[in-house]
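A.B. asks: Below, each chain spelled out in residue letters.
2 protein chains.
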Amino acid sequence: MIDSKHLDTLAAIVGRENLYSDKAHLIAYSYDATRERFEADAVVFPRHEQDVSDILRYCNTHLINVVPRGAGSGFTGGALPSRGGIVLGFEKHMNKILEIDMQNMVAVVQPGVINKDLQRAVEAVGLFYPPDPASQEYSTIGGNVNENAGGMRAAKYGITKDYVMAIRAVRPNGDIIKAGKRTIKDVAGYNIAGILIASEGTLAVTTEVTLKLLSKPKMTKTAMGIFGSVKEAMEAVYKTMAGGVTPVAMEFLDNLTIRAVEQTFHKGLPVDAGAILVTDVDGNLEEDLNLQLSIIEKIFRENGCSEFKIARDAKEAADLWFARRNASPSLSVYGSKKLNEDVTVPRSALPELLERFYAIADKYQIKIPCFGHTGDGNVHTNVMVDGKDPEQVKIAYQAIEEVFQATIDLGGTLSGEHGIGLAKAPYMHMAFTPEEMALFQDIKRAFDPNNILNPFKMGLV
Amino acid sequence: MIDSKHLDTLAAIVGRENLYSDKAHLIAYSYDATRERFEADAVVFPRHEQDVSDILRYCNTHLINVVPRGAGSGFTGGALPSRGGIVLGFEKHMNKILEIDMQNMVAVVQPGVINKDLQRAVEAVGLFYPPDPASQEYSTIGGNVNENAGGMRAAKYGITKDYVMAIRAVRPNGDIIKAGKRTIKDVAGYNIAGILIASEGTLAVTTEVTLKLLSKPKMTKTAMGIFGSVKEAMEAVYKTMAGGVTPVAMEFLDNLTIRAVEQTFHKGLPVDAGAILVTDVDGNLEEDLNLQLSIIEKIFRENGCSEFKIARDAKEAADLWFARRNASPSLSVYGSKKLNEDVTVPRSALPELLERFYAIADKYQIKIPCFGHTGDGNVHTNVMVDGKDPEQVKIAYQAIEEVFQATIDLGGTLSGEHGIGLAKAPYMHMAFTPEEMALFQDIKRAFDPNNILNPFKMGLV
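Line order of the protein sequences matches chains A and B. At position 387 of the first sequence the residue is numbered 1220 (this note's numbering), and the sequence of numbers has no breaks. At position 110 of the second sequence the residue is numbered 943 (this note's numbering), and the sequence of numbers has no breaks.
Source of the hints: derived by calculation from the structure; they are not laboratory data. Do not take every clue at face value.
The list treats identical chains as interchangeable, and a pair is accepted whether it falls inside one copy or across any two copies.
With a Cα cut of at most 20 Å, we get these calculated PhoX-like pairs of lysine-lysine [claimed, not checked]:
#1 Lys989 to Lys1051
#2 Lys1072 to Lys1049
#3 Lys1045 to Lys1072
#4 Lys989 to Lys1045
#5 Lys1131 to Lys1051
#6 Lys1200 to Lys1011
#7 Lys1051 to Lys1072
#8 Lys1049 to Lys989
#9 Lys1072 to Lys1142
#10 Lys1221 to Lys1045
#11 Lys929 to Lys1045
#12 Lys1064 to Lys1054
#13 Lys1171 to Lys1142
Using the sequences provided together with the hints, build the complete structure.
C.D. replies: Structure below.
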């Protein structure tokens, strides 16, 4: 527990109305999508960058933990005050789109801006911000940058880090740092923005982000392929990407996921299919989209696709996407507890990865339905068990460890988009050598020698 | 001078034939494109990563400076052993393309691979590695990664950092680090590859790089626009990029540069033009290229373009590119000494930037011909004086300082692609605050507490 005199000082910095320490608010800020709960001593809403600097300098001096929080939509506990201290919230004040610079195709935003609000604002002027995590309607750019969020469009357009041109941030000692510029190229000094991206709020507090924008492609088309087996579908994925076409998205559902959606929504899905792939292509010319789709259809059919449908309009496109968009909630038909991971492998390893996952499911006699962003090698793996049966839950965690091991064996990563936080910290030793962990630790110490900023996350001590 | 017993130990690590300490070799490895010269105590050629680790561990223990060197083609002294010690060379052994993975569209290379050799190898199998610095025929991937090299195609395809998926590197203490994966997404642990890119060999020694490849676009077309004034041309640049088309390159020559090329090569160039823009577009469909060119022509003509030529074949394209490709050497007509900078600004600031540069030239009564990669805001600024006149040289350096100040005032960077090294170190205080320099210093210390790796570069101490 923090001494109340510290809370008084912090309240004096930001104004009493910008510090909450009542029970109701502490509970509201105690959780994220992991369903773990930790209460902070206070939630503080900085009004501007100088507040962030003053808060951090004070907390650094008095060894008070500080946890920056976006929308609390993370899957790994990155925004949870697991060791007490204060939570920094940006949704009250630091939530503005500061500028959309049409000439340079750049947006400048505060950390509390919601991803989809930015997308809408730039699309209204013909521009395009591609990163679209599933949380886009509520997650914030500050959180997206600190977790390096991905999304459906990553296959063609990459992830958050590919759009960050500059970051303003405050170090734990209060120093304000401008990293990067509104320029395509900048090689002066170390790439500080590069190390801040995906640092899960452990190195510095983001106060402003400059994002690259693209021209909005004029048209998009959607197609779906039905495959006899997952293996064939996974082969079609990497052969398509290597075949000279880069779809915006190439998402998959396996048989278990198809059945779950059908059982929940009765849409007439092909419940005997091994897998479905749904894909979007975009561009500025009808001929270009048609060329892309014809290449995709050819490769799909060469790899066991029995049916290939192209949506003729937006309604048909929405129909083709329905199963994918409703995959996650439908899986509850297989159990009340879902251990949902976001492992990612080189695309060519997808066929073997899925085979190994189903072998793990067989071994433990559980269900592991899979779906996700196969266009970039990212598979949402869902270990489903009965949450009320402790033996089943234990088995689920054993299975997850084997899921991670299979992923790492195939050259993959523990996390494609959710980060490590608390949830995956126990598995870091599987993915990194002691020397690599030592380097992470050295970097953490260089930014935050007193270990006050989101401490003890990512397997750091 | 290093004690000869240290050289004996290093020779025992790599084999006597892989350590040069004779005068001729020390001279050969003493310079780069800056024409500064510093001799090392020895040049050592590691055979593999373990050699690099053993060398660094030994040098770290005995406080021997280590300077990794690519082709020595840098413009800022990054590869120069300015404080003695040993130079690490990769051209003897660690110069292999280890793998071209067609399925995942990835190349794995050792640091000594020459950029153009990689481009040729991947193009032979239909793939594409876009970064193409002017030094591409001799500069190495290790150097490209450590300097974050750009090139002509950056306007559409970005720079080296946009293609680095993973780096293997050795810390000064000998620890071997694998950073990143052969996956599109990876958010486990800090983004170590992100901070190693552009670190100018000061943090770790790169031993292997995994690079993202693209499909090779099927066709390219070249066009040239002639403009009445630089201002109009610069406005055409950013309006084109914001107009929904992304040319591969959009390069410019100003009037002084056009005249210099004409005086040297007599090609019938428009010597009264304010500026020329040369642009390439690419894609897989003739219609797409034609659409892009029609948008470019429209925007060019709306902004003072009096003549717009589209090359009908490869020979005509080479003709349109001739002036740009021969700009740099032609400038010697204006003086024997060239201070050549690579400042970069947000594209919309280009018109004012050029105006300020010409005002600086007027003030000092010197010539500052400019050309370069305007598609990404990067201007090669050439302060030309008589190198034998000390007063002129002094004036040139005053002008350069004002060039940097104008760039920074307009939101730009000291360097778009050449890095800081020794040459730009004196200007770092103009671009970075003491707090930002302190952070750079902290990061350097975290990786290299004994300050043995390429020390005293980038304005670090």
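A.B. asks: Are the hints correct? Go through all of them and say.
C.D. replies: Hint-by-hint comparison with the structure:
{"no.": "1", "hint": "Lys989 to Lys1051", "verdict": "both (16 Å within a copy, 18 Å between copies)"}
{"no.": "2", "hint": "Lys1072 to Lys1049", "verdict": "between (27 Å within a copy, 15 Å between copies)"}
{"no.": "3", "hint": "Lys1045 to Lys1072", "verdict": "between (30 Å within a copy, 16 Å between copies)"}
{"no.": "4", "hint": "Lys989 to Lys1045", "verdict": "both (15 Å within a copy, 13 Å between copies)"}
{"no.": "5", "hint": "Lys1131 to Lys1051", "verdict": "between (25 Å within a copy, 19 Å between copies)"}
{"no.": "6", "hint": "Lys1200 to Lys1011", "verdict": "neither (48 Å within a copy, 34 Å between copies)"}
{"no.": "7", "hint": "Lys1051 to Lys1072", "verdict": "between (26 Å within a copy, 18 Å between copies)"}
{"no.": "8", "hint": "Lys1049 to Lys989", "verdict": "both (14 Å within a copy, 15 Å between copies)"}
{"no.": "9", "hint": "Lys1072 to Lys1142", "verdict": "within (19 Å within a copy, 39 Å between copies)"}
{"no.": "10", "hint": "Lys1221 to Lys1045", "verdict": "neither (47 Å within a copy, 45 Å between copies)"}
{"no.": "11", "hint": "Lys929 to Lys1045", "verdict": "within (17 Å within a copy, 35 Å between copies)"}
{"no.": "12", "hint": "Lys1064 to Lys1054", "verdict": "neither (25 Å within a copy, 40 Å between copies)"}
{"no.": "13", "hint": "Lys1171 to Lys1142", "verdict": "neither (32 Å within a copy, 61 Å between copies)"}
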